[in-house]
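Protein chains in written order, with the numbering used here: chain S, 17 to 420; chain X, 17 to 420.
Heads up, a few of these hints could be off.
Listed next, the in silico SDA-like pairs over lysine to any residue satisfying Cα-Cα at most 20 Å (straight line) [unchecked claim]:
no., chain 1, residue 1, chain 2, residue 2
1, S, K358, X, G92
2, X, K234, S, D348
3, S, K169, S, G141
4, S, K361, X, G92
5, X, K358, S, F59
6, S, K358, X, F59
7, S, K358, X, T58
8, S, K342, X, I235
Calculated from the structure, these hints are not laboratory results.
Number of protein chains: 2
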Amino acid sequence: MLSRLQEVGHEDGKPVDDRLGLHFDLTVPLSRYVVENSGHLTFPFKRWQIQKVWRGERPQEGRFREFVQADIDVIGNGELPDHYEVEVPLVMVSALEEMRAYGLPKATVHANNRKLSEGFYRGLGLSDIEGVLREIDKLDKIGADEVAELLVKDCGASPAQAKACLELAELTADSGSELKAGFDQLCASHGIDQDSDAYQLAIEGLNTLAMIVDEADKIRPGAVIADLKIARGLDYYTGSVYETFLDGAQSLGSICSGGRYDNLASQGSKTYPGVGLSIGLSRLLSYLLNQVGAQASRVSPASVLVAVWNEDERTTSNHLADALRKRGIAADVAPTAAKIGKQIKYADHLGIPYVWFPAQADASSEADQSNQVKNIVTGEQEAADPVSWTPDSLYAQQQVESKA
Amino acid sequence: MLSRLQEVGHEDGKPVDDRLGLHFDLTVPLSRYVVENSGHLTFPFKRWQIQKVWRGERPQEGRFREFVQADIDVIGNGELPDHYEVEVPLVMVSALEEMRAYGLPKATVHANNRKLSEGFYRGLGLSDIEGVLREIDKLDKIGADEVAELLVKDCGASPAQAKACLELAELTADSGSELKAGFDQLCASHGIDQDSDAYQLAIEGLNTLAMIVDEADKIRPGAVIADLKIARGLDYYTGSVYETFLDGAQSLGSICSGGRYDNLASQGSKTYPGVGLSIGLSRLLSYLLNQVGAQASRVSPASVLVAVWNEDERTTSNHLADALRKRGIAADVAPTAAKIGKQIKYADHLGIPYVWFPAQADASSEADQSNQVKNIVTGEQEAADPVSWTPDSLYAQQQVESKA
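With these hints in hand, go ahead and build the complete structure from the sequences.
As structure tokens, then:
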């Protein structure tokens with residue numbers, strides 16, 4: 017199909033390189049949308065978007081070529097209050113909390129601030145800030161020793177500076193005061209001057225991060241911690257950055273990441289600063305299905321299979337199923353007018369708990385002259401009316417269950 | 017991104033032509049899925065799928081490059097009862113009926129059967145059946161005269177044979193008996209022998225089509241008619257074919273198409289015949305938005321905006337919003353602690369009907385010491401408790417409205 021798409025371009029005798037593309041994230045297209053529609057939007061503009069994106073890099077386990085992201089962002093016009101840097105990660109945490117019913121472990125957002133990191137690195141005398149952030153981002157993958165080597169080799173750091181960068185990355189805190197104390201101790205031990213511009217930049221970032229941790233704690237205690245190793249690979253983040261880890265699933269990596277980007281969308285002198293996070297939905301579901309063992313409680317969503325006495329009476333069964341569906345009861349109709357035992361077996365294969373036997377006007381027994389419904393799990397059978405019968409709540413809905 | 021994807025292939029020094037592709041429909045991938053998982057499935061296997069697909073051909077108005085399809089299919093193992101050829105289009109009709117609340121016109125499924133067409137064409141003495149179907153498929157686009165010319169020029173038809181093909185395409189019927197009468201009259205007038213294999217093939221298709229129209233009429237009168245010009249472009253259909261048109265929107269073309277395919281999925285001597293239809297969701301939504309004028313009743317889904325007296329008390333407002341959300345009431349919180357008039361204006365811009373004023377413990381008036389909620393549409397204001405207050409149903413939910 018890629019080649020088919022390209023042939024279209026060649027029809028005009030023009031080269032098609034880079035003419036067509038696939039989204040690699042949902043944030044860049046959002047920025048374009050905001051700039052193009054800024055006149056029609058009310059700011060701060062809030063949006064959610066759940067959509068497929070594609071990975072340019074080689075796919076790996078849990079890192080699919082084609083995957084689904086679930087994004088939320090808030091975009092301001094010219095300015096954006098920093099309380100959204102608390103609100104947006106908390107929305108994600110509450111969404112992830114809802115999934116704990118399906119066996120997902122507790123999620124914790126780990127936050128950092130690029131200004132804090134940059135100020136500290138500059139205070140140490142380093143200048144290749146993006147380079148240092150890129151190496152620090154590899155900590156979980158390659159470990160501290162290799163990162164230190166790379167900092168020296170590729171980012172112009174001395175071994176002592178590299179060690180200081182790693183010490184910063186080790187700092188975590190679950191309150192603003194703890195963060196401030198830890199950071200000031202680090203600055204003192206590495207001789208960073210509190211009057212320097214570098215320190216002032218770091219403190220600007222630290223204050224935002226301290227506010228985030230303390231405010232989040234008021235709403236959802238323990239949901240957000242400061243973790244100064246969080247760097248993020250994308251260079252459009254300008255302040256807060258977030259990654260989210262599941263208890264006991266560190267190797268899965270971050271399942272919900274993002275940050276604040278002040279310069280991604282702009283038009284002339286206008287800027288549209290934003291903050292957003294994105295859940296890697298495919299990776300999360302893959303974990304839920306393969307590691308947690310989440311599964312549907314039954315194959316079919318139907319709670320009733322309406323039997324068919326013979327093909328000439330299928331319409332009767334269809335009408336019964338329709339009447340049940342109109343009342344919100346998921347119903348299927350037997351595929352063939354096979355022997356009743358075979359129809360019950362079909363329901364059993366699909367996990368459908370009830371089989372409905374349509375009334376037979378000319379039946380010999382009085383019971384068979386009325387509609388009957390059989391719970392094939394318990395074996396109970398009773399007369400039933402399609403306008404009032406309701407499945408037992410235990411058997412009403414298809415559920416998600418976890419093996420754990 | 018396409019080129020990025022291709023570079024990955026080049027890393028190994030191998031050509032990447034046709035190595036990566038995008039779905040052009042959801043039926044071919046379904047067939048592959050069924051063959052690969054046949055051992056784990058209970059047949060007949062029913063599935064729905066709503067997903068993006070891509071068009072290889074040049075995009076046109078309403079025919080997007082990237083669009084969303086909504087498919088349902090039923091697949092049998094070796095055999096598939098023909099009552100599914102009634103059930104599947106009726107599921108789609110009931111889905112489309114639900115959209116009439118948003119201004120969508122009534123939908124009618126137009127059904128044909130390829131065996132009927134093929135039998136008739138062969139009875140006339142034609143042999144390029146696929147060619148004839150391909151030209152007949154163009155009827156709505158280029159008209160009868162041009163189709164007749166193409167049948168003569170490209171399909172080896174005499175002018176009389178071409179005329180007969182067009183006469184068949186004009187036949188419509190809303191009952192099996194009407195269909196049978198019309199078809200037999202056509203066969204008689206073109207001298208097609210009722211003892212011929214060709215006629216027998218046509219009658220096989222006609223009987224299925226007559227059954228579909230008559231059975232559908234019992235469940236949902238008028239939802240399915242026989243329309244013998246329906247041909248479908250895809251060559252994997254072997255029996256029933258369907259297109260769906262909206263009243264007064266013929267130029268939109270078919271918004272829901274499909275058919276029966278007996279040979280698409282097979283493995284050795286095993287076959288998995290199926291029947292399915294697909295709604296072109298993007299085209300349908302584009303029509304709803306642009307022609308019908310469907311729109312959201314308000315910009316924001318929130319029904320309440322919780323005001324913020326000052327930034328230090330934002331947590332109070334957040335807690336109030338949380339309490340309302342937990343009760344299923346969509347709530348937003350004011351972006352800044354601006355003057356109350358400005359906060360009300362923000363709600364008004366987003367169409368949020370209520371503004372909530374948090375209780376102020378130290379207020380001078382007794383009223384301000386309690387929570388208050390104001391309906392900014394009617395101007396009414398009253399004391400309210402977040403654990404019991406409910407918005408008036410008129411203002412509770414964001415709705416879809418149609419301008420028409």
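Status of the hints after comparison with the structure:
1. S:K358 <-> X:G92: holds, 16 Å
2. X:K234 <-> S:D348: Within the cut-off at roughly 18 Å; holds.
3. S:K169 <-> S:G141: holds, 16 Å
4. S:K361 <-> X:G92: Distance ~17 Å between S:K361 and X:G92 Cα, so the pair holds.
5. X:K358 <-> S:F59: holds, 13 Å
6. S:K358 <-> X:F59: Status holds; Cα separation ~13 Å.
7. S:K358 <-> X:T58: holds, 13 Å
8. S:K342 <-> X:I235: holds, 14 Å
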